[in-house]
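Participant: Use the sequences and the hints to build the structure in full.
Residue numbers (full-length UniProt numbering), protein chains in the order written: chain V, 1 to 329; chain E, 1 to 359.
Treat the hints as calculated values from the structure; they're not laboratory data. Just to be clear, a hint being listed does not mean it is correct.
To be verified - Once the Cα atoms are required to be at most 20 Å apart in a straight line, the calculated EDC-like pairs of lysine to aspartate or glutamate come out as:
id: 1; chain 1: E; residue 1: Lys-94; chain 2: E; residue 2: Asp-123
id: 2; chain 1: E; residue 1: Lys-199; chain 2: V; residue 2: Asp-170
id: 3; chain 1: E; residue 1: Lys-282; chain 2: V; residue 2: Asp-170
id: 4; chain 1: E; residue 1: Lys-150; chain 2: E; residue 2: Asp-354
id: 5; chain 1: E; residue 1: Lys-199; chain 2: V; residue 2: Glu-47
id: 6; chain 1: E; residue 1: Lys-94; chain 2: E; residue 2: Asp-81
id: 7; chain 1: E; residue 1: Lys-226; chain 2: E; residue 2: Asp-195
id: 8; chain 1: E; residue 1: Lys-220; chain 2: V; residue 2: Asp-302
id: 9; chain 1: E; residue 1: Lys-220; chain 2: V; residue 2: Glu-47
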Amino acid sequence: MSDGTATATVADRSERSGTRFDIDWVRRNGVFVALGLLLLANVFLTENFVSTGTLRLQLVQVAPVVIVALGMALVIGTEGIDLSVGAVMALAAALIPLYVGYGSVGAIAIGLVAGVVVGLIAGVLVGVVGVQPIVATLGLMVAIRGVANLFGGEIKSIREPGLVSLGTGDVAGVPYVVVIAAVVSLVVWLVVRRSTYGRQLVAIGGNKLAARLAGLPVRRVLVTTYVVSGLLAAMAGILLAARSQASDPTKLGQLMELSAITAVVIGGTPLSGGQVRILGTIAGALLMQLITATLIFHDIPDSTAQIVQAVIVIGAVYVQLGRGKARRS
Amino acid sequence: MTSKKSTAAWRSLAAVAAAGLALSGCTNSGDDTASDPGSGNDEQVVKETENSGPGCTLEKYGAEKLDLKNAVVGFSQSEPDTAAFRAAETESIKAAAQEVGVKKLITTNANAELPKQIADIQDMLNQGAQFLIVAPVNSDGLDPALAAAKKKGVPVLTIDRKVTNEPCSDYVAFLGSDFYDQGQRAADELATATDGEAKVAVLLGSSGNNVTDERNAGFKDRVEEKYPDLEIIAEQTANFARDEGQSVTEQLLQSNPEITAIYAHNDEMALGAVTAVRAAGKDPGEDIKIVSIDGTRNAVQAIVDGDINAVIESNPRFGPLAFQTAEDFFAGEEIPEDVIIEDDSYTTENAEQDLGKAF
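Facilitator: Next up, the structure:
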C-alpha cells in the first residue's frame, strides 16, 4: 500500500506522536475510503450509474489525468513541482497535425520528443542551475503555451486513422487509452519501488543535503525526474488530442497542472517531498473524476461543482498540514 | 531548522500558486470559437427595427470632426486570434481600415486580460490614435481606459460586447449581435429539427459571461412560450471549449440516455458533442439533434455532413460597419446607442451553398 516511503523512521515518528496518529492514517488512506464511499453512494443513489458504459467512460476520461499525475507525483517526491505539464500537453498535441505527414508513429514520436525537451529544460533549470521549481516551471508554463500557440495556431482536426483508433479503439473492450494508463502506472510503480533511481529520488526529496553528502547523483536524478514528467505530459496530450480528434493549443491541457497536483496531494503524497504514493495518486485522480461525474449525473451547476472540489482540496491540504505539525513536534 | 521553515514557506507559495491558477481559469471568457483557417465573406447588416436609444452626435459627444483618411485609428482586440471568431473580426477591421485608407491602424490584443486591455488602449492613445475601436474583454472595468480616451477627446466605438459605462459620454455606441435573440432562434431551429418534441441537454458557455446568460435566457424563454414539448433535462457548462463539450456530453449521455437533442451555446462545444454522440454509438444529427450558435466553417461543414442540424450565425465581421458608423458620426449624423446587427442562420437547406459565408 505505502509505495516508496523514504525510511522506516517516518512510520515510527507518526506512531510516536500518538494523538496525531489518526490524522496520519487519514492522510494515508482517506482517499481510498472517500473513493469507496462515493462509489457506493453512486451505486445506490445515482440513476443509470451502474453500467459498463459509465465505468468505461470514467476510466477513459481519467486516463490522461492519471498519466500526468504520476509524473507530477515523482516531481513532488523530489520536493519539486511541475506547473508546465498542461502547456507541454498542448505543445505535443499541437505538433501532431503538423507532422502527421510522417505517419501517426512519426508524429507521436515528435510530440513525445518535445515533451522530453521541455522536461530537460525544466530539469536543468531546477537541478543544475538551482532555480526554484515553482519559478522555473511557472516560466515554462507560460512560454511553452506560447510556443504551442505559435506552432499550432487555430484548432485543427485530426483525421489520421492510426491516431483516431489510438484515441477511440479498444482491446477486448478495454480502450487503448486505459490500457496505456495502466501500463504507465505499473511501470512507474515498479520504478519507484524497485529501482535505484526510485530510492534515490525519495532520498533526495527527503533531504537534499544529506543525499548530496551521501554521494547520490542529485543533479542526474532531478533532471531525469523532470524529463519523465515532460514525457508523460506529452503522452497525455497526444492521447487527449487523439480522443477528441482535434488539437487546440489554446485550450488543451488548461488547468491540468492543477488537476494533477490535486490528485497527488489528496492521494497522500506530501508536498514536502520524500515520499511518492502511486496508488494514492491514481485513487486521487479517480476520486476527482468520480466527483465530476457525480455532479454532472445529478445536473448540479458548475459553480457548486467548483466549490465542492475546492473544499476537498483544502481538506486534503489541511490533513497534510496537520501531519507537518506532527513531524515538527 | 531552516529547512523546516523553507518547507512551510514553500507550501504556502504552492497554495498561492494553485489559487492563482484557479483564478486565471475564471477569466477564460468570451465567445471563443475556432475552425480551420480560411474565412468567407458575409457583410453585416443592421437590424433596422432594433436601433434603440437616443442618438449620439459629434456635438453631444464633444469630439472634433475627423477625416478618417488621414487619421490614426486604434483597434483593441480582446482575445487571442487563435479563435476563429476573433481572427475573422480582426481580419475584417484591418481590411476595412485599408479600404477606407486610414493613415495608420494600430492593433493590439489583450489576450483576455482586462489590465492588458487598459494598458493597450493607453498605449494607443500615446501613439496618437485619434479614433478607437474596442472589443471589450469584459462588460465592466474598462473605466480608466475610457476616461483616458475621453480626456484626449478620442471617440471610442465598442464592438461585440457591450460595456456598462455611459453611452455617448464614455463611449460613442455599441455595435453587436443580440445574443438573447440568437438563443430564441436556436430554440426555433431545435423545435423544427425535432418537430417540437425532445428531451434537451444544454451545453452552457463559461459562467458569469453575458453571452452565456443571454443565449440561455433567450432559449429558455422561447421554449417556455412556444414549445411545451421541448423538455430541458440537463444543463452543464462546457466553457465554450470543444474538449469539454465532448467530455460533458459523454457524461450526459450516460446519465440521461433519453436525451434526443443538444443545444450548445457555441459551435466548438457542438463539435465536441458530435464526437461524443458518435462515440456513444449514436448518429449525431439523426438520433440526437444538435443546434448551436456562431457559424464557424467547421460547424457549417458539419451541417453539410449531416452531423449538426442548424447553426445560428453570430457575425464577427465588424470592419465595414464600424468604419461606416465612424464616418457617419464624424459627418455629424446621429448614431443610435445600440447598433444591432442581423445574424443569419445555417440549416440543412442553405449550409452547402452558404459554406463560403462561414468564418
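Participant: Decide, hint by hint, whether the structure agrees.
Facilitator: Results of checking the hints against the structure:
1. A C-alpha spacing of about 19 Å is found between E:Lys-94 and E:Asp-123, which places the hinted pair at or below 20 Å, so the restraint holds.
2. Annotation: proposed proximity of E:Lys-199 to V:Asp-170 is violated, straight-line Cα distance about 31 Å (limit 20 Å).
3. Distance hint between E:Lys-282 and V:Asp-170 is fulfilled; the C-alpha atoms sit about 18 Å from each other, no more than 20 Å.
4. For the hint pairing E:Lys-150 with E:Asp-354, the CA-to-CA distance comes to about 42 Å; that exceeds 20 Å, so the pair is violated.
5. Of the supplied pair hints, the one linking E:Lys-199 and V:Glu-47 holds, its CA atoms being roughly 17 Å apart against a limit of 20 Å.
6. With a CA separation close to 13 Å, the supplied pair E:Lys-94 and E:Asp-81 stays within the 20 Å bound.
7. In summary, the hint linking E:Lys-226 to E:Asp-195 is supported, as the alpha carbons are separated by about 12 Å, within the 20 Å threshold.
8. Distance check on the hinted pair: E:Lys-220 and V:Asp-302 sit about 18 Å apart at the alpha-carbon level, within 20 Å; holds.
9. For the hint pairing E:Lys-220 with V:Glu-47, the CA-to-CA distance comes to about 25 Å; that exceeds 20 Å, so the pair is violated.
Checked against the numbered hints listed earlier, the structure breaks hints 2, 4, 9; every other hint is satisfied.
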